[in-house]
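Number of protein chains: 2
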Amino acid sequence: MLTLAYTTLALLVTITARTIPDNYNQERRALLAEETLTSVGGKQKLNDEETRANEILMKLKTNELNASYFNPQHFNFSKHYFSYKKDIEKSRVYQIIRSMPKGAVLHVHSSLMLHPDILVKLTYEEYLYACYTHDSIKLQFSKATPARPCANKWALVSELRNNSSDPNAFDAHLRDYFTLYRENEDYDYVDINTVWKRFNKVYYAIKSLITYRPVREKYWYETLKQFYNDNVMYIEVRSGLPDLYELDGTKHGKRYLVELYKNGTDKFIEEHPDFIGIKLILTRDRAQSINHVLEAINVTRQLKAEMPDLIAGFDLVGQEDLGRPLSDFIPILSEAKEEINLYLHAGETAWLGTSTDENLVDAILLGSKRIGHGYALTKHPSLMSALIKKDIALEVNVISNVVLSLVHDVRNHPLATYLALGLPVVLSSDDPGAWSAEPLSHDFFVAFMGVASKRADLRMLKQLAINSIVYSALEEDRKSRLFAVFYDRWDRFIKDVISNESYRDLEVS
Amino acid sequence: MLTLAYTTLALLVTITARTIPDNYNQERRALLAEETLTSVGGKQKLNDEETRANEILMKLKTNELNASYFNPQHFNFSKHYFSYKKDIEKSRVYQIIRSMPKGAVLHVHSSLMLHPDILVKLTYEEYLYACYTHDSIKLQFSKATPARPCANKWALVSELRNNSSDPNAFDAHLRDYFTLYRENEDYDYVDINTVWKRFNKVYYAIKSLITYRPVREKYWYETLKQFYNDNVMYIEVRSGLPDLYELDGTKHGKRYLVELYKNGTDKFIEEHPDFIGIKLILTRDRAQSINHVLEAINVTRQLKAEMPDLIAGFDLVGQEDLGRPLSDFIPILSEAKEEINLYLHAGETAWLGTSTDENLVDAILLGSKRIGHGYALTKHPSLMSALIKKDIALEVNVISNVVLSLVHDVRNHPLATYLALGLPVVLSSDDPGAWSAEPLSHDFFVAFMGVASKRADLRMLKQLAINSIVYSALEEDRKSRLFAVFYDRWDRFIKDVISNESYRDLEVS
Chain A
1 MLTLAYTTLA
11 LLVTITARTI
21 PDNYNQERRA
31 LLAEETLTSV
41 GGKQKLNDEE
51 TRANEILMKL
61 KTNELNASYF
71 NPQHFNFSKH
81 YFSYKKDIEK
91 SRVYQIIRSM
101 PKGAVLHVHS
111 SLMLHPDILV
121 KLTYEEYLYA
131 CYTHDSIKLQ
141 FSKATPARPC
151 ANKWALVSEL
161 RNNSSDPNAF
171 DAHLRDYFTL
181 YRENEDYDYV
191 DINTVWKRFN
201 KVYYAIKSLI
211 TYRPVREKYW
221 YETLKQFYND
231 NVMYIEVRSG
241 LPDLYELDGT
251 KHGKRYLVEL
261 YKNGTDKFIE
271 EHPDFIGIKL
281 ILTRDRAQSI
291 NHVLEAINVT
301 RQLKAEMPDL
311 IAGFDLVGQE
321 DLGRPLSDFI
331 PILSEAKEEI
341 NLYLHAGETA
351 WLGTSTDENL
361 VDAILLGSKR
371 IGHGYALTKH
381 PSLMSALIKK
391 DIALEVNVIS
401 NVVLSLVHDV
411 RNHPLATYLA
421 LGLPVVLSSD
431 DPGAWSAEPL
441 SHDFFVAFMG
451 VASKRADLRM
461 LKQLAINSIV
471 YSALEEDRKS
481 RLFAVFYDRW
491 DRFIKDVISN
501 ESYRDLEVS
Chain B
1 MLTLAYTTLA
11 LLVTITARTI
21 PDNYNQERRA
31 LLAEETLTSV
41 GGKQKLNDEE
51 TRANEILMKL
61 KTNELNASYF
71 NPQHFNFSKH
81 YFSYKKDIEK
91 SRVYQIIRSM
101 PKGAVLHVHS
111 SLMLHPDILV
121 KLTYEEYLYA
131 CYTHDSIKLQ
141 FSKATPARPC
151 ANKWALVSEL
161 RNNSSDPNAF
171 DAHLRDYFTL
181 YRENEDYDYV
191 DINTVWKRFN
201 KVYYAIKSLI
211 TYRPVREKYW
221 YETLKQFYND
231 NVMYIEVRSG
241 LPDLYELDGT
251 KHGKRYLVEL
261 YKNGTDKFIE
271 EHPDFIGIKL
281 ILTRDRAQSI
291 NHVLEAINVT
301 RQLKAEMPDL
311 IAGFDLVGQE
321 DLGRPLSDFI
331 PILSEAKEEI
341 NLYLHAGETA
351 WLGTSTDENL
361 VDAILLGSKR
371 IGHGYALTKH
381 PSLMSALIKK
391 DIALEVNVIS
401 NVVLSLVHDV
411 RNHPLATYLA
421 LGLPVVLSSD
431 DPGAWSAEPL
441 SHDFFVAFMG
451 VASKRADLRM
461 LKQLAINSIV
471 YSALEEDRKS
481 RLFAVFYDRW
491 DRFIKDVISN
501 ESYRDLEVS
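Chains as they are written, first to last, in full-length UniProt numbering: chain A, 1 to 509; chain B, 1 to 509.
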């Protein structure tokens, strides 16, 4: 039976039809169109000008991606953010994203918002003492040598700088304490606990600089300026309200910092009337005791009663894996939510089936208005359904998740799935200062080029900006004003893109 | 209004209720139970003995995971497979998985199934010549020095070995050409193109050894023995049916290799009557021309007509990003599928919105019976729905995806989502020989400990084994026999676990 030579048999067989079957391409297009329609931005309709701007954007995006697709070792977004950070400015897509109005930032921690270059400038203030150890720095403003213990010895920063052979090198060295970013290092994997230890050192260094009241005022003004210049018109800021101090040692309580935020922001708005403002989400470290958290909830409740426009709600912060699970706080959080909106971190973890992962269950059952990160959510179909049903937004921070060791290649970031499913996503930046990122543009850029589909276009970007307004805690009148400012800036942005001479070479129709 | 001191205010506020609200825990349990029920294995009912075995398994799993959760730098599964491969044997969970009947392997490439230690033994055959270059090896059996060109020079392996100062070191060096695995290296990221180049070198080295007919016969017997010993009772093998040769230079056509597989397997079944057998999925490299692929389809059609029990269907292989997209082959594949079942690789990529990614659309529209890898599927909700509706199984190969640079930390592997969604998943191992893995146990172990939920238990493992039988290409009678063999072995496996003295220390109820 098997004796006839194979080659002869093959010749006996002929296939004649060589055409694509009827309906095949139609079905194929329908499936792809369904996916686009489902995805974030898929239902956005672009007007003629937006369509032209989108053609330019997509031509640039396709060119840049094609150049790297053929050379995957050059596809930077799959590598650690630090390895390509300094090259981002060269991207023409980035230039468009930078100038694009982005609406609001809804997930950012107050002490870690400002670029370390500006933090270094703030160390030029008088009376600043530093206590260096091999891998950390403690700062304090004082007329005399600080009384607090120092493992090494306290020294005036101004004197150290003046006595250094190279003040620029001195400042560069100082800056390294304020950021995890290193330009010329190998960005190997570090486990999540190790990177959080480094991250906490950066946090304490910065905190020791900006708890001095005069510096905090400048810090806040510079922070608002950076976000405004990055086309962010409204910010919801998570803050634990640390005590501030004066040169003479006077301490200010939590309310003082709230007023400082308010006054500083009001002043900024006077100078920049299209900036809408801020709200605060007050926080406590999740590693602390239930009584401490209860105390912070009570503070939030009180301050919110007095300043309902300024206080958006409450959250628990800190490394989620090592802190207490939300389930420890259910009695106090479920009572608190009757008066205070919750904006809970949950599922900022790669573990599945652990207490950190199951914080997602509690965040949803506790009625969290949005969820911070929700990194683990794609592994929980029932929770995704609940999220959609309750219209809970996800605050996604891609670069943060890379730097804090949840994911290396951002193509594996769950945001790709959230975008495809059309979940209520807002992009944010968590702690852009702590890794020397732009306030929001870097996160938008990485999400657009590295995470989202090659096909994702201006409609997705616009929807993400709109989501940040829709899911903000703003009352209706300010939300309308933010929308008005956004659309006004959006129209100008579109006109700028389509009239920009430098895109003539693209030969877009 | 803001004058009253904050601390005083905080004291005025009291929260009295400190209990978990009614229904909260009930709702929480219901959500988690729903997720378990939805997930792969969630509907499996365990009998009393299985329940006891499951308690032992889960006690071991929890102990091993808790030890690493508290030390994430020790959570090996998040690191490259090569960094913990040699430690796997130490795991007590692994010992159970190793002894567990696993049903079938449905996605494996014929030349890359056997452990390199055995390949080295096959180089002890007479008349083997080697041509070494700095990073590759070409082998050929010949009575005289091979006529084929060699960049260096042809030499008899037996002479090289005898003349070497250390034959063990010689063999270890030789083995390195047959595997990507290196025990003492740093497993940094390499981009997908670089790793595929290395992988192809391993493939060509092995291929040059096993196209010699006498060696291929031994290769096949040893391969079946390894899979059988790993508790795999049926295999669907992808093969391009390369020509074999004899010492005198005689060449055998494709049919010869089919018969060799058949006769070798029949002989193995005689000695191991509970081994069910194999089927072949014939393949062609997707980088080749449409005419070459058509030729391979015609061969498949012909051989299937003659040996319908042996030939399961057809597939296209090779690095998907660099090969032709399925859309190039629609006319010939859509005609072929009327006669031949397709088992297509699709979406073995981290790119989104590219032609490789959209191979998933075509694989589904072309009626592929299963999908090889489908790595990109979580980013395609419409395609996931279509997959469920059409009951198309996903052949998932976690370790392969790590070694071939799709994902580093397996907690980010999409299998976690597939398992949670209860998709029709089968676990397979792709090319276990090419990375010195056990035939299937390593993949089951990594999936169970590193990818699946901490809560996933024996029900998931059992369902995965059952899936491999359900979604096999077996005709009904052999499928029933495979089920019978599986359940018989399963019962013995359960009894062995619960009667094993070494688990007495676990104090399981």
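No wet-lab data here; the hints were simulated from the structure.
Check the hints yourself; a few may be wrong.
Remember, identical chains collapse to one label, so a pair may be satisfied in a single copy or spanning two.
What the hints assert, rightly or not - Below, simulated DMTMM-like cross-link-like pairs (lysine to aspartate or glutamate); rule was C-alpha separation at most 20 Å, straight line:
| no. | residue 1 | residue 2 |
| --- | --- | --- |
| 1 | Lys-79 | Asp-191 |
| 2 | Lys-369 | Glu-27 |
| 3 | Lys-79 | Asp-321 |
| 4 | Lys-143 | Glu-125 |
| 5 | Lys-267 | Glu-27 |
Remember, predicted model here, so these are calculated numbers, not experimental data.
Flag every earlier hint the structure violates by its number, smallest first. When the structure is compared with the hints, only number 5 turns out to be violated.
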